[in-house]
Amino acid sequence: MRELGTYAPNTWCPGCGNFAILNAIKSALSSLYDEGLPLENVVLVSGIGCNSKIVDYINVNSFYSLHGRVLPVASGIKIANPALTVIGHAGDGDAYGEGLEHLIFAAKRNIDVTVIIHNNRVYGLTTGQYTPTSPLGFKGRSTPFGTKELPINPLELMLASGATYVARGTSHGMELLKKIFKEAILHKGFSIVDVLQVCVTYYNMYEYYDKHVYEMTDHDPSDFAKAMARAMEWDYNKEAKIPLGVFYKKDAPSFEEYFVGRDTGKVNRDAKIKAIFEETA
Amino acid sequence: MDELSVLIGGKAGFGIDRASLVLAQIVSQLGYRIYIYRDYPSLIRGGHTFSIVRASKDKIAAHKDKVDALIALNQETFDIHSARLKEGAVIIYDSDSVKLGALPSRSKPIGIPIAAILKEEKAGEIMRNSCAIGAFCKAYSIDWSLVERVFWKDFGEEAKANLQVASRGHKTADTCTVLELLSKEKLPLFTGNEATALGLIKGGVKAYISYPMTPTSPILHFMARAADKFDLKVIHPENEIAVILMALGMAYCGQRVAVGTSGGGFCLMTEGLSLSGMAELPVVIVLGQRPGPSTGLPTYSSQTELDFASSAGQGEFPRFIAAPGDPEEAYYLARMALDISWKYQIPSILLTDKTLGEGTYSFDPELSKEPREQQEELWDRIGTYKRYQDNERGISPLANAPDREAVIKANSYEHDEYGITTEVADLAKKMQDKRLRKENYLAIDLEYCECVKVSGNRNSKTSLVCWGSNKGVCIEVASSLGLKVIQPLILKPFPLKQFKKALEGVEKVIFVESNATSQLAKEVLRYGITVNHSILKYDGRPFSVEELTERAREAAA
Numbered sequence: 004m005r006e007l008g009t010y011a012p013n014t015w016c017p018g019c020g021n022f023a024i025l026n027a028i029k030s031a032l033s034s035l036y037d038e039g040l041p042l043e044n045v046v047l048v049s050g051i052g053c054n055s056k057i058v059d060y061i062n063v064n065s066f067y068s069l070h071g072r073v074l075p076v077a078s079g080i081k082i083a084n085p086a087l088t089v090i091g092h093a094g095d096g097d098a099y100g101e102g103l104e105h106l107i108f109a110a111k112r113n114i115d116v117t118v119i120i121h122n123n124r125v126y127g128l129t130t131g132q133y134t135p136t137s138p139l140g141f142k143g144r145s146t147p148f149g150t151k152e153l154p155i156n157p158l159e160l161m162l163a164s165g166a167t168y169v170a171r172g173t174s175h176g177m178e179l180l181k182k183i184f185k186e187a188i189l190h191k192g193f194s195i196v197d198v199l200q201v202c203v204t205y206y207n208m209y210e211y212y213d214k215h216v217y218e219m220t221d222h223d224p225s226d227f228a229k230a231m232a233r234a235m236e237w238d239y240n241k242e243a244k245i246p247l248g249v250f251y252k253k254d255a256p257s258f259e260e261y262f263v264g265r266d267t268g269k270v271n272r273d274a275k276i277k278a279i280f281e282e283t284a
Numbered sequence: 020m021d022e023l024s025v026l027i028g029g030k031a032g033f034g035i036d037r038a039s040l041v042l043a044q045i046v047s048q049l050g051y052r053i054y055i056y057r058d059y060p061s062l063i064r065g066g067h068t069f070s071i072v073r074a075s076k077d078k079i080a081a082h083k084d085k086v087d088a089l090i091a092l093n094q095e096t097f098d099i100h101s102a103r104l105k106e107g108a109v110i111i112y113d114s115d116s117v118k119l120g121a122l123p124s125r126s127k128p129i130g131i132p133i134a135a136i137l138k139e140e141k142a143g144e145i146m147r148n149s150c151a152i153g154a155f156c157k158a159y160s161i162d163w164s165l166v167e168r169v170f171w172k173d174f175g176e177e178a179k180a181n182l183q184v185a186s187r188g189h190k191t192a193d194t195c196t197v198l199e200l201l202s203k204e205k206l207p208l209f210t211g212n213e214a215t216a217l218g219l220i221k222g223g224v225k226a227y228i229s230y231p232m233t234p235t236s237p238i239l240h241f242m243a244r245a246a247d248k249f250d251l252k253v254i255h256p257e258n259e260i261a262v263i264l265m266a267l268g269m270a271y272c273g274q275r276v277a278v279g280t281s282g283g284g285f286c287l288m289t290e291g292l293s294l295s296g297m298a299e300l301p302v303v304i305v306l307g308q309r310p311g312p313s314t315g316l317p318t319y320s321s322q323t324e325l326d327f328a329s330s331a332g333q334g335e336f337p338r339f340i341a342a343p344g345d346p347e348e349a350y351y352l353a354r355m356a357l358d359i360s361w362k363y364q365i366p367s368i369l370l371t372d373k374t375l376g377e378g379t380y381s382f383d384p385e386l387s388k389e390p391r392e393q394q395e396e397l398w399d400r401i402g403t404y405k406r407y408q409d410n411e412r413g414i415s416p417l418a419n420a421p422d423r424e425a426v427i428k429a430n431s432y433e434h435d436e437y438g439i440t441t442e443v444a445d446l447a448k449k450m451q452d453k454r455l456r457k458e459n460y461l462a463i464d465l466e467y468c469e470c471v472k473v474s475g476n477r478n479s480k481t482s483l484v485c486w487g488s489n490k491g492v493c494i495e496v497a498s499s500l501g502l503k504v505i506q507p508l509i510l511k512p513f514p515l516k517q518f519k520k521a522l523e524g525v526e527k528v529i530f531v532e533s534n535a536t537s538q539l540a541k542e543v544l545r546y547g548i549t550v551n552h553s554i555l556k557y558d559g560r561p562f563s564v565e566e567l568t569e570r571a572r573e574a575a576a
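Top to bottom, those sequences are chains R and A. According to our numbering, the first sequence is numbered sequentially starting from 4. According to our numbering, the second sequence is numbered sequentially starting from 20.
Just chain A, with the same shape it has in the complex (with noise of 0.2 Å):
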């Protein structure tokens, strides 16, 4: 088969998010390209978490609504997610608490009495899964040592235990098709946090400091587990206020720092941006979107912070915003934020959002770019040391303390190039012109980068315009209807001049964005670009391919 969803279901607390990423792992290992989308709610017990695992053969970034397996691990799951099953489907249920109602034809419906398989094993509840995940690979003729080898890795001392539960699960189910091995090459799994903390890790950050928030937290759980094997200095501080504080000070030092966060955290965050702005003291923000305002709906996603990203913090100062719309572009895209930082002194973001940072993907490090190299400016110790030295780019060279021929010293006031606090009109205005002429240079920087991504049939007259997660999405549907993609990779400073380039011949242009006001479209519309039709989404749910091709098809009409 091309390929296979599968939605496992139940009460947050059953476990439902590793198990979906046991049953990946094992789908993955017989070459399938994956994507897992999560939905759970904002408590830790009772509630409903479900996941959608997609297997496809080629690459995938989106999930789709109809599903051709369904394990409900509860009654809910069944009767929340049975509209979704397509004809034929396999549905995996636990016998003992759930009664099956109407299905489609042809459906393939096999109850295992999974609390009563527990009981005789003496097994705990959480153990549910493995019963499930072994009749689902019965069902698809998945063959038992690979379930074995993908429990040996994932469970560790616990692996015996699950495989006994999940052995019975297997003898209990009936075989239904087959889920044949394609010969290619297994990639790797990751999420788009994990991807971009391994991205950070290899651009060389010295220290990751991070309140926790969704979808921004597992970032920080990564490289707390991470600290040893990379010597990295991993810090929770008492708020986002000290985060951005603490990694200011560090980036004194000269060291490469990032924070994570999500809209309320960097609500704080932004008087420590704005002084990032002024000291010229470099730093990279992970800024993981969820719906708001305020707390709004935690545990989802949106892309609405665009607006703010782009205008936080007081006065007028450069900065570098990026928006990955996969692992790969996460894994280069925290790479060049942290190399643009660190060359211009500004502080970066890279505006990420519950579905990428919390989806799992298929991750193929030969499709992530290089970053092209970048340079500091570092002091030649000649003449005293000046911090805020004024010239023709208005990157002024460091020096990092200790050093015995400079004093350094940073300043959140105006000040003059020595760092000393000034009010002096003049010199107020020199200072402000060589931190915005650093904007210049970086724009010009940026035009031998990839800046705006074309993707789909490039000689559509109809494109769609993407950002961030959207992008697998886009493509998936553009490619079914014969539509071009652009996504743009950098927002700030916006590159006008490869994104017009990019919509040469193109005479209908489609917004698809996930918030309520089509926020990159008012922002090409400052630059006099047309927009004919935004397609927005803000229930914090990404768009799945069956929805987007409906209201595409609809807009390219």
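Next up, chain R with everything else stripped away, as it sits in the complex (with noise of 0.2 Å):
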């Protein structure tokens, strides 16, 4: 495996599951190395969190964007460059709180990005806040009562704005978790990877999610409607099994091939508006 580190000190806290998923990018991204993809053709994009601190761990280009804007970033930097791998990180509060419009539109578009959704449902770096996947009752610091709003089902809401690429798994399954980060890489469209991932600090789930997940092997990832049913089996709130691995794999056209072709730098420019000027009299 190529050596991807910096000299950025590492400050997630030890058992941190952010850990895993830097493990497991890195493999992916030396594993596609390997296979002839040039290293200097990725771009990460991450917003804010203690997630996003990822980009400073790994010696590749990277944009340290802001909270929840992720995916915009990852955007414009696929339509400038259409050749570029871009692989987005970002929190359950940045990509599904903050962002949420963005990340919405991103699938609409079927924009050729993977996004990366280290999902601990809970605010860490801000030390302890619920977010749009806590569970119903969970007590935070701004409620230390319990929450009183269920949570969002981030897969069934990517399906249905028309992501075309969409897998969960966790930070205590690292095989898997490469096999998918590869996989939605190579995915030519939207690609969402939901990690859920335990906090030691504020939420650690790690028990629970053992006992929990299982990985799907009997599933067909081509039918929608399967896909919809598998990622309704586990609502983020109810006691269920949590189905991981890939829930929907469709081929389709993206947003920036829209764009490919455009600066060829060819026209002449100068002429062109001289002939409005000309015309316009």
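For the record, the hints were derived by calculation from the structure and aren't laboratory data. All residues carry an ideal CB built from backbone N, CA and C; glycine is no exception. It cannot be assumed that every hint is accurate.
What the hints assert, rightly or not - Below are the DSS-like pairs computed for lysine-lysine, each with C-alpha atoms no more than 27 Å apart in a straight line: (1) K275(R) / K362(A); (2) K248(A) / K277(R); (3) K203(A) / K275(R); (4) K275(R) / K30(A); (5) K248(A) / K275(R); (6) K111(R) / K214(R); (7) K78(A) / K275(R); (8) K448(A) / K277(R); (9) K269(R) / K221(A).
As the list claims (entries may be wrong) - Examples of chain A residues toward chain R, derived with CB under 10 Å: (10) L208; (11) K225; (12) I228; (13) F249; (14) E257; (15) A261; (16) I263; (17) L267; (18) L294; (19) L300.
With the hints as a guide, bring the two chains together.
Here's what the structure looks like:
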């Protein structure tokens, strides 16, 4: 495996689920490099939150952006240069809260970027508040008596919005994560991977996830109705088995394709502008 | 005649806007210089809409309250605007729906049974404009072949039907006077928005990103139509936050990009503006001003965002702000803003407004300057690449992904030279100093550019000071009152040296601004410059020549 680290000191808590995601993405990038992907073609984009520090820890191109704004930045990069491989890292507060409209529109456009959601179902960096995927009654620092609202099911939302690659993993399942990350990056179109990640400090679901998750083996990811049904097996709230793996995968035109072939630099703008002046007079 | 003002009015949905442009094009073909003021409410159908087409032998950029001709397509237009009529005015009206009231002496009313003509010709209601234009051309003895030429160019396939209706208006009307052909070069007509768009294109934008908002939506429409022709990427995303963040993603890849909005959309862009400052990613923002606070008067004009644009975004970072006063300056400053942004890796804001953006002007390419040449700083490929290399001028050389030898890390956090997050005190200070240092060099660079324009009577001890779209009306008023006009084109970094030089010999300084708090005057007060008087207007309408003449005369006395 290629050494992809940087000199930045890692500041995650010991035992943080982000380490697994960091290792899995490095491993996926390394494997893709071995298969011929030039690493200079990769751009990582992150938002703000514990998860987003990941770009400081990987020695490839990156854009450490703003809370909630991973997808417009990633989209801009992909549109500017469709040859780049663009991978976003965002938390659940970031992508499902602050930046939800961007997530829906990225899925709607089926832009060819991958977004990995470090979904620990709690705000870590702001020290323990509920997020859009915290269960009903979650006691956080902004909701000391428990939340009064149900969580959203991001997989259901992404399927409804037009995402063409929808998958889920956990931070305690490295092999599956590596496999899904690689496949998501290679998928042409909008890919989202929701990673159930433990936050050892504010919401340690380690044992719960271990008991409830199972890997789908009999699922047909080309079937939208079945993907929806599978996504609804667990609603991020009630007691249920939690399916992992690829829920949905579909080939469809992606947004940036429309711009391929632009900026050839061959257009003589000065002459065309002059012609407009003359035609308009 | 030296000049002519025509008001054409009706209900929103009547096509007044287009009709005024067709009329202006006809008059422009005679060699006149044009300015069109458009007044319309924030709705799609109904409500009163009007345009004033002013034509003159000399270049103009302002409207007058009094008009020589009125084209009333409904009763409301006559009732609201009859007080504007001069003696001897020509009134073209739909005699099927408009009853004329009192008229000034020697008026020449021309009633055309427009509704009946449309019925006979089986023409759609939208063609009532063409019927009236036909009548207007007869009243002013304009050659019919010229009318035909303009109609064919403007209406394409619909030209024939429109000409038929126009010819009926032409036949019915009487000749009142002669609008003679001038021996002058014909100039193209452009709105400030179109000139801004063309300037951005000329300046090398690869992409234009915008969420619709008056008064800059027409730039988005223009760019979208011109996308194929100029090889542009034109995108209308989910909101203004996405607009600026997408733009910064493109800037990260080294592509020149611009965005457009108004005050409300700019509010949403401020986090992105601050990111542009911190991550040193260039972007040009066209900020078309309209009256606030909040939704305010969406389809009217103001100059209320100078303070806001100057300080928007958290933290301290350099920015470039320019305010064009007419389409020639918009064409020039749009290019200059791109060059400055990409050289200094900072955000630029072009402060326009509804008056400039949606007003139509005769555009003289010869009057638009060539921006001073600026070079982007590119990486020399020596050593390990540092995206935020600290150096003498604070401008870190650029590399763009993909680059085999460079890892390019942009960061919204405070960061070291490589772009890795840091919270180390010394480093935080060093990097903040680096970013701010760019502004000193930008200010020096700007000393070689014309940042403050001086016109009018340069020897006058009284000067009007204006910025943006008030340029035209100030120059016209100053020339009749014998005053000087000082117009800063660049507002950030404020060109203090050039401004002070322009003030030499001036004893009375009168600011003319379309806001309620005299924002430019407040800015110069910070530098100890005396402000004697401010003439302010904040009802959403631009100054007319008459109003400013009156108020400037009082202030100068």
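| query | Looking at the structure, which of the earlier hints fail to hold? | reply | 4, 6 and 8
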